Amino acid sequence: MTNGDDVILRFRDVHKSFGTQKVLDGLSFEVKRGRTLAIMGPSGTGKSVVLRHAIGLMQPDSGTVEVEGRDVAKLRGKELAELRRRMGYLFQEGALINWLSVGENVCLPLRENTNLPDAEIRKRAEEKLALVRVENAWDKMPSQISGGMKKRVGLARALITDPEIILYDEPNAGLDPEISASINELIRELKVRLGVTAIVVEHRVNCIKTVADEVLFLEKGRPLVQLPPKEFFASRHPRLVQFLGTDPD
Amino acid sequence: MTAALRFLNDLAAGLGFQLELLAQVVVRLHHVPRRARWIADQLYQSTIQTMHVVLLVGFFIGMIVSLQTGIELARIGQQDQIGTIVAVSMTREMGPFITALILAAAAGSSMAAELGTMSVADELSALEVLSVDRVRFLVLPRLVALVLAAPVLTILCDTIGILGGGFVAQSQLNVSFELYLDSATESLRDLGTVFPLPKDVFGGLFKAGVFGAIVAVIGCSAGLNARGGALGVGRATRQAVLVSIIAIIIANYFMTWFMYQG
Ligand SMILES: Nc1ncnc2c1ncn2[C@@H]1O[C@H](COP(=O)(O)OP(=O)(O)OP(=O)(O)O)[C@@H](O)[C@H]1O
Ligand SMILES: [Mg+2]
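Keeping their order, the protein sequence lines are chains R and U. Numbering-wise (the working numbering), the first sequence opens with residue 9 and increments by one. Numbering-wise (the working numbering), the second sequence opens with residue 6 and increments by one.
Bear in mind the hints are in silico, worked out from the structure with no lab data behind them. Just so it is clear, the structure is predicted and the values come from calculations on it, not from any experiment. Just so you know, even glycine gets a beta-carbon here, dropped at the ideal spot from N, CA and C. Check before you lean on any hint, since a few could be wrong.
What the hints assert, rightly or not - Chain R residues, not near chain U, derived (Cβ > 12 Å throughout):
(1) Asp33
(2) Gly64
(3) Pro68
(4) Glu101
(5) Gly253
As the list claims (entries may be wrong) - Here are the simulated EDC-like cross-link-like pairs (lysine to aspartate or glutamate), alpha carbons at most 20 Å apart as the crow flies:
(6) R/Lys217 <-> R/Glu239
(7) R/Lys82 <-> U/Asp46
(8) U/Lys204 <-> U/Asp187
(9) R/Lys148 <-> U/Asp138
(10) R/Lys86 <-> U/Asp138
(11) R/Lys86 <-> U/Asp46
(12) R/Lys148 <-> R/Asp126
(13) R/Lys228 <-> R/Asp33
(14) R/Lys131 <-> R/Glu101
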């Protein structure tokens, strides 16, 4: 397990449909320990669905999703909770509990699942909020803060248990360039300093260049290409050229 | 016709989930002390914010019962029995039932809307990912609060209804308020055979507690199962109110049957 090359996340021929709509059509990929895979693709192609499978919010119709060699769909109760405690998930819309304040949202996982003293929980939550550059918002309600701030509070909440595997759903969406650069730097730091394994769903070239070891382009439920960022952005693949266009980013 | 069949089908499918939810709350009841603050919040929302409606409706119901029966009783010269009839019908039936309907419309619907909104905004998924137990976190405080709120509101409803009945008795039917109250309190003195408590009052409060549980469980399950954006939340809310009313009526019949048979 100390081998730096072991696979942490593995999708094996995953199929998923909603009603008659086929979303994942035999998706396979893997992410090794300490590596970050970026997933790119047109809107509605199933990127969020991929992340939901990785943390067991959705189960594949066929195929398997393994985290650290264990089939996520087969985990139950305590085992699943234990795995999820070591995973962080940044939801696309933040998914803050709307009737809890910013501070309470970030404290929530520790308050509900640990016996840490309140002062300690608060200290840790404030640290995480500072990391994502949210200040003076402890008592604000989610409805009182902007979309980009919700996103960052959601990230602070995902980081509160110091997860080893993090799934980011568009961490840059709704952020201004300055904040976005600092969030990308944070994602990179978590990877470099703490060895976090991650999947990042993202469109911004900047972000991908900063954080990703590989980029997977998802279309029609399958990977079109999976390449390191440099090669990915230099690719002459007609579909990639068409998708990326002349994005100034 | 198909709408009716689908409704019945949903009803049956929902029942399993609701019973399971209830059982899940029951095995978590030892968490009540740690949830005291949220239970208090819910209790505040479901009592203080519906109290004026309960009082108003209760008052009129008491007056209506008094008027309806009073006119008939006066015809046979028995108007001094009005107090008995109003008191017994308020405490046994009208108080708990009216309160339950108001709670279904006000508290049950808002539970469905609140949890439904959480469901469609990924908040329930977030709780799942964070391994926060949604029954303990969301359902337990709401259920405990309504089981407490319903009897409290019922006492208010009973009291104001009896007073309303007395008001009509005095002003419309020439029965003095003292005489009315005497016959009302006298009729409520009957003690139960199982518990040495005034049977009509406590039987009614027991029913109210059960109705509170029904409203909370149905409201919460509708919310937890809501899917599909704002439309889904609307559907869940409507479903919660309709199903609660049906469940209240059916439970009411069976509880009455058990309590007063023989
Ligand atoms: N719970 C669900 N029930 C039914 N259909 C769903 C569900 N979740 C996702 N879908 C469908 O699956 C498809 C992929 O959705 P997904 O959210 O993964 O897209 P995405 O790639 O993340 O898009 P975006 O970039 O806009 O976030 C969409 O067409 C969506 O309608
Ligand atoms: Mg998405």
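Which numbered conditions among the earlier hints are violated in the structure presented, ordered from lowest to highest? Structure breaks hints 2, 4, 7, 9, 11, 14.
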